[in-house]
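Visitor: Next come the chains, spelled out residue by residue.
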Amino acid sequence: MGRNNAAATGRENTLAITTPEGIEFRMLIAGPVTRALAWGTDFLCIGAASIVLNNVLMLTGIVSRDFYQALYVISFFLFSAGYGITTEWFWRGQTVGKKLFRLRVVDIHGLKLQFSQVLIRNLMRIIDSMPALYLVGGLSCIINRHSQRLGDFVANTVVIRNPKINEPDLDQLLSGKYNSLREYPLLAARLRQHVSPAEAKIALQALVRRNEFDPESRVELFREVSSHFHTKVSFPEEATHGITDEQYIRNVVDILYHSKPQI
Amino acid sequence: MIIDLPKFLSEGKKYWSELEAKINALEKYPEKKMTIEQTKQFHYLYQRISSDLEKVRTFASEPDILHYLESLTARAYCEIHETRKRPHRIAPVHWFFVTFPQTVRRHSRTFTLSMVIMLAGFAFGGFAVSFDSDARDAIIPHANLLGDPAERVREEESVKDDHLKGIKMRGASFYMTHNTKVAVATMAMGITWGVGTVIMLFYNGAMLGAVALDYVIAGESEFLMAWLSPHGVVEIPAILLAGQAGLILAGALIGWGKRISLRQRMKRVSNDLLTLIFGVALMLVWAGIIEAFVSQYHEPVIPYAFKISFAAIELLLLTLFLLKSGADHGPE
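Just so you know, the protein sequences line up as chains A and B, in that order. Start counting the first sequence at 1; every next residue gets the next number (our numbering). Start counting the second sequence at 1; every next residue gets the next number (our numbering).
No lab work stands behind these hints: they were computed from the structure. Given the structure is predicted, the values throughout are model-derived calculations rather than measurements. Any given hint could be a false lead.
What the hints assert, rightly or not - Using 27 Å as the maximum straight-line C-alpha spacing, the simulated DSSO-like pairs for lysine-lysine come out as follows: (1) B/Lys40 to B/Lys28; (2) B/Lys32 to B/Lys7; (3) B/Lys7 to A/Lys232; (4) B/Lys28 to A/Lys112; (5) A/Lys99 to B/Lys32; (6) B/Lys7 to A/Lys112; (7) A/Lys201 to B/Lys13.
Produce the entire structure from the sequences given, and follow the hints as far as they go.
Guide: Written as structure tokens, this is what we have:
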């Protein structure tokens with residue numbers, strides 16, 4: 001079984017799992033606020049469904065009012081208790097609220113969620129929701145290093161966040177347009193040799209996210225990144241003459257991430 | 001060194017897509033079984049994607065591709081490394097007659113402890129009422145139980161018809177759901193290292209002791225037995241079993257003398273907790289029906305002898321069930 005440990009990476013809490021093959025992967029742990037929003041959505045869903053349920057069961061009141069009331073009490077109890085269990089089991093750890101906020105319940109070891117885990121974490125809600133508005137569960141989430149409420153703790157589960165992953169627009173960035181720096185293959189090779197993957201990531205991310213900055217910040221950012229890369233390898237004046245800092249970084253990224261020039 | 005990202009993408013993408021399609025199919029149809037060849041291919045893809053993940057992390061640090069490959073690896077990992085028993089076909093009859101009573105017996109010490117705590121509460125409630133009449137108001141929460149017992153018996157016995165007509169079913173459903181919530185809370189309170197469970201058991205015992213002594217002192221023992229026993233002989237053991245589940249949870253949390261980790265201890269007791277609490281829920285459904293349809297009727301509508309005999313038979317059957325049922329089967 002894999003080992004796991006929580007690691008704080010900046011403001012994001014992650015659950016890192018190391019597989020027996022020695023590969024590590026990380027899952028983003030959902031915070032109490034997102035979880036509260038998802039719970040709020042589920043609460044509204046249960047409320048809406050109970051209104052529908054009441055209207056449907058009201059028909060049985062024609063036969064016997066006592067029977068209708070009993071049926072409603074039992075149906076509401078079963079529905080409110082079974083909502084989380086059923087949805088999390090059939091949707092692999094998700095309820096309507098969790099789907100909406102891209103959350104998912106998973107086993108703490110990264111394994112498949114078992115039915116018993118789903119049941120236990122939902123039964124323990126009775127304590128987590130005490131005294132009102134999930135105060136106990138919320139406090140537990142804040143205190144626990146994996147943001148687990150008591151139900152998660154007993155069931156060995158965590159709630160993770162699956163942010164939408166966009167593929168980077170690498171085709172546009174590394175499209176094989178003319179790159180003046182490639183005229184100096186020895187210097188280009190030295191650049192590849194001297195730049196670390198972390199530095200390369202900064203340059204690539206600056207390009208990928210360039211449209212998110214306002215114009216002044218964008219110019220400032222590329223000026224700083226460009227001056228850093230100038231210190232790594234100094235290309236001749238004619239290779240950099242007339243190109244902007246942003247274009248210079250584009251050319252650097254092309255060299256770093258694309259070893260052979262496209263023909 | 002930094003990898004050639006376009007080349008890396010173009011070479012890896014077909015394998016990533018193949019693995020993603022296979023995982024989607026497995027997640028959509030969990031019962032589907034792979035052939036040996038398909039399993040080998042799945043394992044190969046998992047290893048390849050794991051290796052790609054390490055390459056990206058070490059030589060490229062490209063976050064989007066990294067997250068994509070992490071998500072694929074995580075999904076494939078849980079398919080490959082899951083070694084726990086798969087949920088089998090639901091067998092409710094076997095569960096009820098074998099699994100449930102076996103689980104109760106396997107944790108007989110915690111059941112005994114649960115009973116001792118409730119009895120201590122019972123004794124406390126009785127003594128409190130006998131020494132201080134004001135204690136009744138503090139211990140008994142229901143206003144309808146605070147009146148004079150003899151007066152209540154007179155009132156109840158003066159009723160000659162079905163005074164609960166039209167509200168019996170609602171009453172039964174209320175008893176079932178309310179008592180089930182109390183039972184689940186008693187179990188879940190085990191998370192407070194058992195303190196909450198002990199308080200719940202003790203308080204329930206104290207309430208029972210206070211009410212019982214109040215009626216005994218008033219000379220209404222027969223009424224008391226006929227009123228409480230038809231549903232009580234099932235409801236009280238159900239609360240004791242919920243307490244047993246809570247104490248098991250507390251035991252796993254504390255982990256005295258156990259060398260295994262907290263997570264493993266929790267995992268070990270989780271199925272037993274569920275078995276107990278579902279067994280308790282079934283018992284409380286029965287108790288709820290009996291409370292609404294039998295217990296609330298008194299002489300002359302239902303003779304006390306009949307009610308007490310009925311309770312005695314229930315208690316005998318329940319005892320036999322918990323002690324003997326499933327004993328022929330090997331331990332699960």
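Visitor: For every hint, state whether the structure bears it out.
Guide: Going down the list of hints, with the structure as the test:
1. B/Lys40 to B/Lys28: Judged against 27 Å, a Cα distance of about 20 Å means the pair holds.
2. B/Lys32 to B/Lys7: Given pair B/Lys32, B/Lys7 is violated - Cα atoms ~35 Å apart, limit 27 Å.
3. B/Lys7 to A/Lys232: 25 Å, holds
4. B/Lys28 to A/Lys112: Status holds; Cα separation ~13 Å.
5. A/Lys99 to B/Lys32: 25 Å, holds
6. B/Lys7 to A/Lys112: 34 Å, violated
7. A/Lys201 to B/Lys13: Roughly 20 Å separates the two Cα atoms, so the pair holds.
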